[in-house]
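In the order they appear, the protein sequences are chains A and B. According to our numbering, the first sequence is numbered sequentially starting from 1. According to our numbering, the second sequence is numbered sequentially starting from 1.
Everything labelled a hint here was simulated from the structure, so no lab data went into it. The model shown is predicted, which means the values in this text are computed figures rather than measured ones. There's no promise every hint is true.
Since the list gives no way to pick out one identical chain from another, each pair is judged satisfied if it fits inside one copy or across any two copies.
[Stated by the list, open to error] Only pairs whose alpha carbons sit at most 25 Å apart, straight line, appear in this in silico SDA-like list of lysine to any residue: (1) K67 <-> N52; (2) K67 <-> T56; (3) K67 <-> Q57; (4) K72 <-> S9.
There are 2 protein chains.
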Amino acid sequence: MQLPTIHESWRLERNATGLARQFSFESYSQTRRFLDALADLSEREGYYPNLNFNRTQVNVGIEADAKTLGSKEYGFAAQTDTLISDRLVDEGE
Amino acid sequence: MQLPTIHESWRLERNATGLARQFSFESYSQTRRFLDALADLSEREGYYPNLNFNRTQVNVGIEADAKTLGSKEYGFAAQTDTLISDRLVDEGE
Chain A
1 MQLPTIHESW RLERNATGLA RQFSFESYSQ TRRFLDALAD LSEREGYYPN LNFNRTQVNV
61 GIEADAKTLG SKEYGFAAQT DTLISDRLVD EGE
Chain B
1 MQLPTIHESW RLERNATGLA RQFSFESYSQ TRRFLDALAD LSEREGYYPN LNFNRTQVNV
61 GIEADAKTLG SKEYGFAAQT DTLISDRLVD EGE
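Isolated chain A (complex conformation):
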């Protein structure tokens, strides 16, 4: 099985049972637009990542339900990547 391709700035965490990516924005309105889009994605997919944010930074954390990361987790990460358009500045790592 091939896993969905995700952006290179995702980090593996906790012995490869989690994925995390930090997104940086220029303003709170950009941050909020991203969070709103991510909330819509969560509701569509029925998947709710751990989110940590302040005015201009958002950290998205995706944890494996099972012992290893699979297509569900990589798929959500890949869909999160697609939310970033050129209007949203991503400093990544």
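Fit chain B to the known structure of chain A by using the hints.
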């Protein structure tokens, strides 16, 4: 100077330079309603707390700009408290 009164479930953090409170909800839609209200409050006040959340829990972190917590930080905490209505379940600690 008297500081605004805040809910007893706020915790002092980092040698009393931060305030944190955890809110719990029954559903993601309640969580999201609270987050939206908090985002509106942030934009009105120009103050952006650290927020950490998943599907049904939100942790609000307020850090002091100066060395000690003052009316600005307590005021934001007190306003956050007012966002919780009877439609939003708050388990506190």
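- [ ] Go through the numbered hints given earlier and state which of them the structure violates, listing their numbers in rising order.
- [x] none
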